[in-house]
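**Student:** The whole structure should be built from the sequences, with the hints applied where relevant.
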Amino acid sequence: MARLVVTDAPGALPDRAEHDPQAVEVVARLSRAESEEVARRRHARNRALAFVLLGLVALFFVLSATRLAEVGDPQKWSRPGAIAPSR
Amino acid sequence: MVQHMREAAGAALRAGEGALAPDLAGSQPRDWLLLLKPRVVLLVAYTGAVGMLVAPQPMHPVLGLIALLAIALGAGASGALNMWYDRDIDAVMRRTAGRPIPAGRVAPADAAAFGLALALLSVVLMGLAANWLAAASLAFSIVFYVVVYTMALKRRTAQNIVIGGAAGAFPPVIGWAAATASIDVLPLCLFLIVFLWTPPHFWSLALFAHADYARAGVPMLPVVCGPRATRRQIGLYTVLLVVASLLPVAIGAAGALYGAAALGLGAAFLRHARAVLARAVLTDAQDGAGRSLSADRPARAAFRFSITYLFALFGALALDHALEGAAWHVLS
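Chains as they are written, first to last, in the numbering used here: chain A, 11 to 97; chain B, 3 to 334.
Just so you know, these hints were derived from the structure itself, not from any lab. Note that beta-carbon positions come from the ideal geometry of N, C-alpha and C, so glycine has one too. A few of these clues could be false.
[Stated by the list, open to error] Far from chain A, some chain B residues (derived; all Cβ distances over 10 Å):
#1 Pro58
#2 Ala93
#3 Arg96
#4 Thr159
#5 Leu190
[Said to hold, decoys possible] Computed beta-carbon distance windows for the label pairs:
#6 B:Arg234 <-> A:Val67: 52 to 58 Å
#7 A:His53 <-> B:Ala303: 26 to 32 Å
#8 B:Arg217 <-> A:Ser45: 36 to 42 Å
#9 A:Ala68 <-> B:Ala111: 25 to 31 Å
#10 B:Trp134 <-> A:Leu59: 51 to 57 Å
#11 A:Ser45 <-> B:Ala231: 53 to 59 Å
#12 B:Ala303 <-> A:Val67: 42 to 48 Å
#13 A:Arg42 <-> B:Ile165: 19 to 25 Å
#14 B:Glu326 <-> A:Glu47: 55 to 61 Å
#15 A:Glu47 <-> B:Ala303: 39 to 45 Å
[As the list claims (entries may be wrong)] Interface residues of chain A toward chain B, partial, derived using beta-carbon atoms under 7 Å:
#16 Arg51
#17 Ala54
#18 Gly65
#19 Leu73
#20 Thr76
**Tutor:** This is how it looks when you write it as structure tokens:
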């Protein structure tokens with residue numbers, strides 16, 4: 011199993027307290043600004059994903075409401091075999 | 003995932019301190035939108051909307067908008083899957099090297115999953131909002147674009163655009179089917195118009211970017227048959243397109259307003275095609291990056307006008323339908 015170690019202190023050694031002898035450690039040294047950029051992009055993606063998920067919920071709600079409203083007219087229920095009595 | 007991270011870290015190290023490898027930084031929401039090819043989505047949604055508007059049976063506005071969204075999502079899904087499959091040639095071509103996948107901002111597997119999820123969502127949404135004939139048509143168009151055009155034809159034949167262009171011609175049919183749960187002669191005419199529009203549109207682009215395509219090994223017509231044959235084909239298809247654009251009038255589905263627009267726009271397109279054909283040089287000199295050294299202005303102008311042509315022609319059809327042929331009554 012691999013572990014990506016990102017540090018914002020160039021030259022700092024990663025914490026080896028939980029050393030897995032079979033692990034491959036990849037050290038990417040990022041400046042503080044780069045770390046903040048990574049975090050900023052992650053937050054932007056999370057916000058966009060939340061917006062999309064909420065949008066999907068709203069979309070299916072509107073779709074369902076519209077479809078149900080279409081069959082809300084009792085005249086449309088007046089079909090042979092339908093539950094509602096014909097008028 | 004492990005290899006990806008290792009390569010990303012290596013890239014960052016090779017680039018030196020302060021240089022953030024694109025895939026370490028992660029993608030931005032804009033990159034995922036770019037995967038959808040938003041300009042193509044806009045054109046597809048527009049033609050789909052016109053197909054919906056000119057249908058004899060009006061749709062519930064909310065359901066119509068959702069059906070239109072489904073068409074747009076289906077087009078976006080096709081674009082994402084196309085970018086996933088063509089990432090190798092996109093990386094080579096100057097025009098496409100900045101796309102999210104070849105630029106390293108989006109992982110290929112993520113783009114493929116995104117495209118597949120969007121495709122599924124679009125088809126289900128269309129089925130729930132409209133009907134399953136429209137949903138099946140949408141599914142077929144997605145499969146046609148991804149499998150038939152992108153995977154089978156694009157790298158194998160110079161006729162890739164001619165046959166594969168059918169994928170872009172489906173939206174008006176899908177829009178009509180969404181509104182009427184049927185397919186009629188008029189949507190098939192619109193299909194034919196877009197089908198015949200596609201070759202002159204893309205071959206004009208290929209004329210001033212053929213070195214780019216050649217470097218990527220894509221057998222576009224200018225690469226395989228040369229610019230002269232391509233210019234003749236552009237002229238031929240433009241003539242066929244203008245004739246086809248008058249079919250809606252011939253079958254009585256459009257009035258004089260649309261007819262006049264089709265004739266005027268057709269005449270303008272023919273002028274552009276003639277300018278492309280009349281270009282004296284036998285080859286279009288280009289630099290190593292694929293930029294035209296002779297600034298093939300007729301081809302560039304024809305490409306730009308082809309977009310205007312399609313928008314204006316379909317817009318005239320929608321307007322003509324909205325006015326219910328009033329212009330014809332006035333003239334007669």
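**Student:** Please go over all the hints and tell whether each is borne out by the structure.
**Tutor:** Results of checking the hints against the structure:
no., hint, result
1, Pro58, "19 Å, holds"
2, Ala93, "22 Å, holds"
3, Arg96, "26 Å, holds"
4, Thr159, "38 Å, holds"
5, Leu190, "29 Å, holds"
6, B:Arg234 <-> A:Val67: 52 to 58 Å, "54 Å, holds"
7, A:His53 <-> B:Ala303: 26 to 32 Å, "44 Å, violated"
8, B:Arg217 <-> A:Ser45: 36 to 42 Å, "38 Å, holds"
9, A:Ala68 <-> B:Ala111: 25 to 31 Å, "29 Å, holds"
10, B:Trp134 <-> A:Leu59: 51 to 57 Å, "30 Å, violated"
11, A:Ser45 <-> B:Ala231: 53 to 59 Å, "56 Å, holds"
12, B:Ala303 <-> A:Val67: 42 to 48 Å, "47 Å, holds"
13, A:Arg42 <-> B:Ile165: 19 to 25 Å, "54 Å, violated"
14, B:Glu326 <-> A:Glu47: 55 to 61 Å, "56 Å, holds"
15, A:Glu47 <-> B:Ala303: 39 to 45 Å, "41 Å, holds"
16, Arg51, "4 Å, holds"
17, Ala54, "6 Å, holds"
18, Gly65, "10 Å, violated"
19, Leu73, "6 Å, holds"
20, Thr76, "5 Å, holds"
In this structure, the hints that do not hold are numbers 7, 10, 13, 18, in rising order.
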